[in-house]
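> Dock chain one against chain two, each of which comes alone in its own frame, and use the hints as you go.
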Amino acid sequence: MKIRFTSQQLKLLQAVLDEKDRGTNMNEVVLAIFREFVKQQLGREAA
Amino acid sequence: MSKIIYTKTLDPVSGKAIPMKRGQTLTITLLEGPQCVDFNCFNLHDYKERMSVGHMRRTGFRCRQGSIVWSAPPRYNPMMVFTELPATCRTDLLAARCHATQFEKERGYPGTHTNCQDTLAESIAEFGLTPDDVHDSLNLWMNTGWDDEGNFIPNVRRNQGKKGDQVKLLALMDVLAVPLICGSGDVSNTSNYWFRSVKVEVTDSTPENDAVVATLLKKHTGFINQRTPDQFRVKDIRTERDLTATDKFEPKFTLCPVPVETVTVELTESDKKNLAKLVKRGFGEDEEDALRSAVMTWYTRNRTAQIVPETLDIE
Ligand SMILES: [Zn+2]
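Heads up: the sequence lines are chains W and E, in that order.
Numbering follows this note's numbering, in which position 11 of the first sequence is assigned residue number 11; successive positions increment by one, without gaps.
Numbering follows this note's numbering, in which position 123 of the second sequence is assigned residue number 1123; successive positions increment by one, without gaps.
Calculated directly from the structure, the hints in this document are not laboratory data.
Keep in mind that the hints are not guaranteed to be accurate.
Unchecked claim - With a Cα cut of at most 25 Å, we get these calculated SDA-like pairs of lysine to any residue: (1) E/Lys1048 - E/Phe1223; (2) W/Lys2 - E/Glu1266; (3) W/Lys2 - E/Lys1273; (4) E/Lys1277 - W/Glu36; (5) W/Lys39 - E/Tyr1299; (6) E/Lys1272 - W/Gln9.
Only chain E is shown next, with the shape it has when bound in the complex (with noise of 0.2 Å):
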């Protein structure tokens, strides 16, 4: 059994930013039934980097046990890792957070109904945040959808959530971990048109958890794109408010102009005819645009991973 270092029971509606250190467990309960969590994600020592729920939908729009917490690029790192995640705790990545001002526009509520922003705001204030510094939210608990017109379905379907689901995260680094109650559980289906309590535990880490975080670790870092402050242009956080341009900047972009070379190839009768039958079947422009264009479809399928959801696939 690892040790519990840390235990609160969320009531509605707040929220809890804890500091984790790497190789440590956050586990959220539902203590009485469905509720949807909200949740934002620090680095522990430098809070400009944080999770981006936007790169985690890369690899699909739910997360599954594996689903790595990612950082905002330049950093993208593996912030956590889901090691527990029930059938019953859907996840969503769209919905981003429920705000006050959604409310009083969509729904008339007449002065500040509970929601995702505020709390969250709230909760990470005790660390000297801000507003603004609250992101965008990885939603436990949330049973939304979409279709295939590209509509979201953020309010049909009910919470699916049981009392006693746990859902659990695995630190890969050191963080500051916000999860807490949504705001808009007694206006929607987001939580069933109530509140209801959760619990948020930290356990320390384990030798079997350090041996996931080493496996993540090296499977997910060590990039040279990963990039660190010290490799920015520009690394003081700026405190004026106001945008002024830099004078006399010259942007240093990675390739502007970009440069061009020219392969030649021989064709065959046969090869002119096959080019030709794919610009007619629309698979260029022309027929330098076809053959490039198959060139580098080649090298997509063939030499390009996949991008899949990740898995908890540790030896």
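So here's chain W without its partners, still in its complex pose (with noise of 0.2 Å):
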């Protein structure tokens, strides 16, 4: 899947790419945030 992200988005995004613990290139990081956030949003509800 493509996601469109404004260079600013992804300048910030880099900070967390530097941190190296969530993939080491940005679609890895992305997908780690992505599934981070569903848990924290849907809780047991997530599949």
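Dropping the structure here:
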């Protein structure tokens, strides 16, 4: 799936990528963040 | 004891523009009882830099000990800090300032009623500033409120100020501080239908206050976006009143058009189900919108400082 981000959004997310504990490229980091968010947001209702 | 370098009693209805140096403290004392005091603040060396009550509101609609008097962006400098603010001094950041037309239009006052716009203008005129240089005022001892429908309640609650109440504002830069007696006092609860005198006093810096200044400057300055006029595209202050467009002007916005990049992710079956659930719950117009919103909401929740009232947390 393709997701568009503004260059500014990616600049902020770059700092998360630099932390290196959610992946080694932006695709992995975006997916990891999405999954963390889903856990926060949907809780036990998450698939 | 710090040295008193200026003292004056402000009688109704008057004000005073007081030059202050960084590290000095302005003390405003209620001499007789409840009295609303309006306040304006300028950079002493550049009058175009002035307090922005609108930006002060970002941390709440009232000030407290530790609250910063901010100048308007793009300067956004800490101008002063409340080092003392008694509970009986309710502060108001919503009421702007009273003005003569308001009393004429709303109350049918025949003529010019005393008002903060005119008192501020008269006070700053001593420094060559015009009535247009008056800005939204920080209001001390003004017990206004609001409700959750967004209604402003300017005039229902009585002033809680007590004789002897003192507010202290420590200058974090050289400022022109302008306290004054609010002119609406005799026709509203703002000052409980009366006018009373207040004392204003400036005291010199002390080692303790210098330490507070140093700590707060370290915390609140040094950002690359706190700009100075030499960084402005238009540096000169316009003198003609008539506005005309500059020939062949090309705006240089920060980002326009906004660059967009695409990130590709491989979603599992459960990722897809969760994403569909988010869309169904109105978390996005479509799957791309929901996924982007999810990622950026996570960022906002986990990597963004909370907006909270400033405190005087000096170690
Ligand atoms: Zn007023």
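> For each hint, tell me whether it holds in the structure or not.
Status of the hints after comparison with the structure:
no.	hint	in the structure
1	E/Lys1048 - E/Phe1223	holds, 20 Å
2	W/Lys2 - E/Glu1266	holds, 9 Å
3	W/Lys2 - E/Lys1273	holds, 17 Å
4	E/Lys1277 - W/Glu36	holds, 15 Å
5	W/Lys39 - E/Tyr1299	holds, 14 Å
6	E/Lys1272 - W/Gln9	holds, 23 Å
Hint compliance for this structure: no hint is broken.
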